[in-house]
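Chains as they are written, first to last, in numbering that gives the first Met the number 0: chain A, 0 to 195; chain B, 0 to 74.
Treat each hint with caution, since some may be false.
[As the list claims (entries may be wrong)] Derived DEER-like restraints, expressed as beta-carbon distance ranges:
# : chain 1 : residue 1 : chain 2 : residue 2 : range
1 : B       : 30        : A       : 144       : 56 to 62 angstroms
2 : B       : 15        : A       : 146       : 43 to 49 angstroms
3 : A       : 8         : B       : 69        : 42 to 48 angstroms
[Stated by the list, open to error] With a Cα cut of at most 25 angstroms, we get these calculated DMTMM-like pairs of lysine to aspartate or glutamate:
# : chain 1 : residue 1 : chain 2 : residue 2
4 : A       : 195       : A       : 52
5 : B       : 20        : A       : 52
6 : B       : 35        : A       : 60
Calculated directly from the structure, the hints in this document are not laboratory data.
We put the beta carbon where it would ideally sit given N, CA and C, even for glycine.
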Amino acid sequence: MRKRDPDKEDLVKETAIALIVKDGLERFSMNRLAKACNISVATLYIYYKDRDDLIINIAMESGRLMSAAIIKDFDPEQSLEDGLRQQWINRYKFMVDYPHLSLFFDQLRSSSYQEEFLRGFLKDFIIVMGKFMHNVIERGEVEEMTIETYWSIAYAPLYSLARFDNEGKGLDGKPFKLTEEVLWKTFDLVLKSLKK
Amino acid sequence: MMDNFSHVLLFKTDVNSNGDKLFLHSILDEITAVEKWNLDLEDEDFVLRVVSSTLRHNAIIELLNHHGYNCEELT
Numbered sequence: 000m001r002k003r004d005p006d007k008e009d010l011v012k013e014t015a016i017a018l019i020v021k022d023g024l025e026r027f028s029m030n031r032l033a034k035a036c037n038i039s040v041a042t043l044y045i046y047y048k049d050r051d052d053l054i055i056n057i058a059m060e061s062g063r064l065m066s067a068a069i070i071k072d073f074d075p076e077q078s079l080e081d082g083l084r085q086q087w088i089n090r091y092k093f094m095v096d097y098p099h100l101s102l103f104f105d106q107l108r109s110s111s112y113q114e115e116f117l118r119g120f121l122k123d124f125i126i127v128m129g130k131f132m133h134n135v136i137e138r139g140e141v142e143e144m145t146i147e148t149y150w151s152i153a154y155a156p157l158y159s160l161a162r163f164d165n166e167g168k169g170l171d172g173k174p175f176k177l178t179e180e181v182l183w184k185t186f187d188l189v190l191k192s193l194k195k
Numbered sequence: 000m001m002d003n004f005s006h007v008l009l010f011k012t013d014v015n016s017n018g019d020k021l022f023l024h025s026i027l028d029e030i031t032a033v034e035k036w037n038l039d040l041e042d043e044d045f046v047l048r049v050v051s052s053t054l055r056h057n058a059i060i061e062l063l064n065h066h067g068y069n070c071e072e073l074t
């Protein structure tokens, strides 16, 4: 009789993400995953119905993980500066703690799994983030703008820095490492540009 | 998604088209002992996954063989 083994399940999830990040969704198969985990294909099919089921499950779980990490200690009633700072802390920490996941999400973004991934975290996340934005506009801390404009100013710089850090080089091809100093200097500039 | 894992039967098959899958529906859907089943057409082993608390591997293998398909236990 087979038993569910949580350690093995974690190994399967982590390896699946690593493989998808490395080779892309197209080349990802149950057979390759089983080989990489050193388990039989049958074991995978015990846990998951098929390849789709496996990817959808991992996408939803990762989405929930990210959502929980990003809204941790974040209060939508906070001032623009405090709230945004907490967001940068959470998002930066998430990138450091789960370096593979951002790349995994990039893969999902351009695939048919995007919807399931979003369903994993959208609800709470959008409510809290929307409320924060609404509050800071209401209090007159920032100008009224679309959520896309707000996101692009508030967070895109962080993700851009993370990308340089990931690639290990800056625009001029010289080595680049994201330091706390660079991070918080950028944050100050973001804050300055958002503040009315 | 939580199946009873001791009731999952797995097979490697040559059921490799949507037409064959439809045919499989016509036979497996009739069997009450088959609680759930699905076929992974994207997999190179065309894995058939059957959830049943009473059936053994052999019953499914014989059934598929009878209809001209290869079917063996996936190990």
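Checklist entry - Can the suggested window of 43 to 49 angstroms be confirmed for the beta-carbon pair residue 15/B and residue 146/A? => result holds (46 angstroms)
Checklist entry - Is the hinted pair residue 35/B and residue 60/A satisfied, with a Cα-Cα distance of at most 25 angstroms? => result holds (24 angstroms)
Checklist entry - Measuring from beta carbon to beta carbon, are residue 30/B and residue 144/A in 56 to 62 angstroms? => result holds (60 angstroms)
Checklist entry - How does the Cβ-Cβ distance of residue 8/A and residue 69/B compare with 42 to 48 angstroms: does it lie in that range? => result About 30 angstroms separates the Cβ atoms of residue 8/A and residue 69/B, which means 42 to 48 angstroms is violated.
Checklist entry - Between residue 195/A and residue 52/A, is the straight-line Cα distance small enough, at 25 angstroms or below? => result Status violated; Cα separation ~47 angstroms.
Checklist entry - Does residue 52/A lie within 25 angstroms of residue 20/B when you go C-alpha to C-alpha? => result Cα-Cα ~18 angstroms, so holds.
Checked against the numbered hints above, the structure breaks hints 3, 4 and satisfies the rest.
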